[in-house]
Amino acid sequence: MLQSNIARNQGAGLTTASTGFIQLGIFQQALRAAISATSNNTQKSKWSAYLRNGIHGSAPSFLNASLNAERPLDRFSLGTSYFLQSENEDDDTLKGAVEALERSAVLQPCNDNGGLWYYNNVNNLSAYHNLSYLDGMFSYAPFALLASDHTSSDTTDLQLALGAENAWQQLELLADICQKPPGLLVHGYDPSFAHDWAKSSTNGASPNVWGRSLAWYTLGLLNSLQVTPPDSPYHPKMKNLLHRILIPQIEAAERSFQVTGKYGVWQVVDEPGAGGNFIEASASCMTAYSMLRAVRIFPFDRMCDESMAKRATTTAIGIYENVLESFLGVESSGTLSLNGTSTVASLSGDVSYEYYINRSTALNDLLGTSAFVLAGLEVEKMFPEIGCQRHDLTAPFEP
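Residue numbers (this note's numbering): -8 to 390.
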């Protein structure tokens, strides 16, 4: 799939899509994972050059801290790429982008409870003010943690906006406010109750569990845990939270199988098989990846049911195989394609069950294909026998 993305010139740089920042951010994460996994030196060199070009091509767009602060939190997913690339090369533009993104964290508006606004859209403040989304933690939390080790963040105001404590506070705040029985997290919240959908909740939480927002949050927490030192006091807190939010997702996918005969992450997660609802590709891939990687790297402890790791693995593989069967295809050119990725969903309007299920789906959206790469790499680490060949698909396209 990665070769197919490159053949389509996807992930080569920023686009004008509303999800353009986070598309490039997750693509670059998938590309880094593939570079690390391959033993083919030619492939490694080619992919590394593609990654470097994408990073250097986008970095000049993030040199203005004030402008950065008017963009969604998604911008920080690219900041993570700039941090990681800076470990391998000394480049003034990368340093400048990192520093401007750090400064933009200081300028990011917050709710009265300290929760970060997802999007400080100065052209439409009435629609986006006071809204905190699960989605933002994929980008903000890992960046905040990496910034704590960066020399430029050794100032008081940056310490108040970045670092492990701030990352943890944002993760915990969202989990506490957005949790609904039996543990799934809704899309976000409005503590000002300015949006009509927030008025039916005691704490401003939105009414529905959107699959991809929950998947973003889970992946962001997993990525954060991986860059948090094991001896940090926040490491066990993040690990416990990861397990706490994964268990109801495992149960939701098991219920999907019970109701429909298929494992999957539904557009509205806790309504499997309901009228108009559908299994969504990008959330399914992200969730399968997060489950498998958590089992492999951050095992469930004794406080959990002893069978939880097995259930997580069975569920993740079931989700992944359903993606292979339902969404993966081969084009006439030999490239792989992935259907079934929902277009963006926002809390700025009138959100409801009907709103989510009426979002259209896209072919070969980078959100879905990149998540598919991550899931596939993790499956191969644990179960090498599971792959495209089991479903009569050709080998990954080589241009």
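Calculated from the structure, these hints are not laboratory results. Check each hint, because a few of them may be wrong.
[Stated by the list, open to error] Restraint-style ranges between C-beta atoms, simulated for each label pair:
hint, residue 1, residue 2, range
1, Glu371, Gln150, 25 to 35 Å
2, Gly4, Cys101, 26 to 36 Å
3, Arg287, Pro173, 20 to 30 Å
4, Cys101, Lys301, 36 to 46 Å
5, Pro227, Arg350, 31 to 41 Å
Quick reminder that beta carbons are idealized off the backbone N, C-alpha and C, glycines included.
Where does the structure disagree with the numbered hints, that is, which hint numbers, in rising order?
Hint 1 is the one this structure does not satisfy, whereas the remaining hints hold.
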